[in-house]
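Asks: Below, each chain spelled out in residue letters.
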Amino acid sequence: MRTIDEEALNDITLGSTILGSGGGGDPYVGMLLARDAIRRFGPVSLVDIEEVPDDANVVFIAGIGAPGVLIEKLPRAVEYERVLDELERFTGVTYEYVCPIEAGGLNAVTPFATAAARNLPVIDADGMGRAFPHLEMVTPTLYGGSATPMVMIDEHGNTMFLESATNSWAEAYARAAVLASGANAASALYPMSGRQAKEWLVRGALSMAQDIGRTIREAREAHVSPVHAVLEKQSGVLLFTGKVEEVERRNERGWTIGTAHLSGIDGDVGHTMTVHFQNENLAAKRDGEVVASSPDLIMAMEIDTGEPIPAEEIRYGYRVAVIGLPADPHWRTEAGIELSGPRRFGYDIDYRPVEDAVALT
Amino acid sequence: MSLRIGIDVGGTNTDAVVLDGRRVVASTKSPTTEDVTIGIRAALTEVLADVDPADIGSVFIGTTHFINAIAQARGLERVALVRLATPPQSLLPMIDWPDRLRGVVGDDVHIVAGGAQFDGAPLSEVDVEGLRDVARKIGESGVRHIALSSVFSPVNPEPELLAERVLAEELPDVSITRSTLVGRVGLLERENATILNASLLELASRVIDGLEQVVASTGIEAPILLSQNDGTVMTLERARLYPIFTIASGPTNSMRGAALLTGIEDAVVVDVGGTTADIGLLQSGFPRESTVALSLAGVRSNFRIPDVLSLAIGGGTVIADDGGTVGPESVGFRITEQARVFGGEVLTFSDVAVRAGADPMGDPALVADVPDATVAQALRIVGERVIHAVEKAKLSADDTPVVVVGGGGPLLRVVPGLEDLVVPEHAGIANAVGAAFAEAGGEVDRIYDLSGTTRAEVLEQAKAEATALAVESGADEALVRIVDADDVPLTHLGGGSAVRVRVKAAGPFAHQPATTPEGN
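Chains as they are written, first to last, in our numbering: chain R, 1 to 361; chain V, 1 to 520.
Next comes chain R alone, as it looks inside the complex:
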């Protein structure tokens, strides 16, 4: 067990932007929410999943909504403080541990707001090892874990208790409800036991976010390339170095969908890359050939500063390194690829591990 203070929170926030794979929402707002909670209630404990008793009650805490909404209709602490009480009222169970559903983006840190207020530990794990746009796209789904009973509450005083037939139905109902409430709500979902958490979750996901954040921070301080530091530390692959020439982007059914077109610079002069995104970056093609795809992580980082550039923000003129990081082994299975691979998002391509791209470049 260790304590998460403000510096650790800053590192997790920066690293979670990389794990967001272009999506997951701007963690700055989540960081402010968590920092505010830590300042009011004191530091939060982060526990290794092995420290969690098998019979403990564990639950994900997550914000649900649209990234473009959260920076304007800001999340409020009161919802994160109340959401777990509501689930307990619904299920009659007391939860001893909270955990992020995704270590990528804003939701890496939203559980800290609940944990600080309730004086509960956060588990160093998550249900993705990255960010995904649908709430059924989590590792517990691969093992039969259920998203419900779940609870979702908003700032207008609405509370929704949900029991669903499948996790896809939970996604459909939650999406409709969050849209009705104005695209920003807090939820507690996927209640599970400690034993299930150990079997189902991506271990060490928050430590990984913190490591990546620290690597970028220290590289900046030492004036060395943050991009190369991250690649080295995380066994990543440099997929492309280029300048953004054009971005096609549209908002559809609550998602930011589009393609960024890059032309090569440095070692990639004369080559092109397209990065295809639906909230998250889901596929990257070099000269038309797929070099990386979901569930592996694809991220654009500004060349000089290493600043992660989300799909919502990437635009003409940016000079970026596109990197690929291998997905957690939970995802690299037949069931994992079926749930989160490129075909799941409508791309007619086969998943290939990002390491294979090394041979190409």
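I should point out that these hints are in silico values taken from the structure, not numbers from a laboratory.
It is possible that some hints are incorrect.
[Claimed, not checked] Pairs of lysine-lysine, DSBU-like flavour, derived with a Cα cap of 30 Å:
hint: 1; chain 1: R; residue 1: K243; chain 2: R; residue 2: K285
hint: 2; chain 1: R; residue 1: K243; chain 2: V; residue 2: K392
hint: 3; chain 1: V; residue 1: K463; chain 2: R; residue 2: K233
hint: 4; chain 1: R; residue 1: K243; chain 2: R; residue 2: K233
hint: 5; chain 1: R; residue 1: K285; chain 2: V; residue 2: K29
hint: 6; chain 1: R; residue 1: K233; chain 2: V; residue 2: K392
hint: 7; chain 1: R; residue 1: K198; chain 2: R; residue 2: K233
hint: 8; chain 1: R; residue 1: K243; chain 2: V; residue 2: K394
hint: 9; chain 1: V; residue 1: K463; chain 2: R; residue 2: K243
hint: 10; chain 1: V; residue 1: K394; chain 2: R; residue 2: K285
hint: 11; chain 1: R; residue 1: K233; chain 2: R; residue 2: K285
[Stated by the list, open to error] One-sided excerpt, in silico: chain R residues whose CB lies under 8 Å from chain V:
hint: 12; residue: V29
hint: 13; residue: V69
hint: 14; residue: L74
hint: 15; residue: R76
hint: 16; residue: A77
hint: 17; residue: D304
Quick reminder that beta carbons are idealized off the backbone N, C-alpha and C, glycines included.
Model the placement of chain V on the given structure of chain R, informed by the hints.
Replies: Below, chain V without anything else, positioned relative to chain R:
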């Protein structure tokens, strides 16, 4: 009426230049004074010695005065922030501000029910009675400036407008800056800009009164224009209400000036002033803009402004006696009293550079006793820092030229490793030259209904309209271009029936500006 004057009011020096086209007719550099108008008067008097004021067609002014006020937290007024949202809010306005600045601007935050959803629908009804209570509290506190924001006001400004009317009714003598007029989507960043603007209003009013008086006193009757962050100009009337739009004009002017003085359009520009060296990249004659959320003196902003790296190296930078420490302290505008070459006691970067053979200033004999080892050590440190920053500013390992401007620019010639610099004639007044060539702009900011049309079509329509407005303000039709385009779908969850489009076009003045060019 064919000449133009460019004035740059910096933290250390006030520069003025009289230009006939691109030809420098007269120029001067004089110290910035506590009351900036004294320095401006001195500079104008000097450049007008052989010029008939009646020949001046326009006066362009760029100033870092307002960003310096924010950085030093002085000259700022206390501000009350009113946010329309659902109470209680957790992420309050000014949440991430430096303590010193917050101490000066105040912590007077009021949350009142109101605001809009992402699609413009009301979040909750505006609590008018609550607003009246807040107005009473603000009235009692004696604060004279309000910054007003509302959730999703860029999508639906009505709640903010209603609140403005209510607050103005209750507090007729208090200024109100509305967030929609200052920033874009991103509530905290928009509020930051709104609060800073409100806080600067009285200083802006004093400075602009002074500017008008001092220019008029020299017999010039031409229009006076102020540089904005994006390289276009605004009228003084508008600058009184929106001083925040001038705060990043310094780097824009110096980089534009470097391009105009050298004819080099792609370069790393190093602007060496009294306190800092600002390093940025010039691409096709314009500064490269920042790609990430930027901090203005520690306050997060979402303005599009040049990507500039500041080093604590300037003419007034203090050097330790053994040369082993360079800065970050600087004697700033007191260089002419405190630097050794001017008879002072403090060893500065100017002193070691003059000792090493840079263009003389003051009395070089006064630094003759500075040991060689001190000079070598200090110059080595300066060289390392500048070279590193230049390498960072470059986007690739090519032979991009490095252009040095600013009052302290020529000092870099004696620094080892920096022998290949381009130091143009008149390097010291590049900012004033850049200011004088600020552009005419035109902006469209409107909500378009998408029924029967497409996003691409309305974007094209807005671009054409912004271009026409820029031309109307005086931009050269052949050279006008789109400098910023931004569209926000107003129903981004389920359809897409309306879009808020902001487009800005800009171009160089085809002829002298008319009396009221609009750079908004």
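Asks: Compare the structure with the hints numbered earlier in the document and write down the numbers of the violated ones, lowest to highest.
Replies: Of the numbered hints, 3, 5 do not hold.
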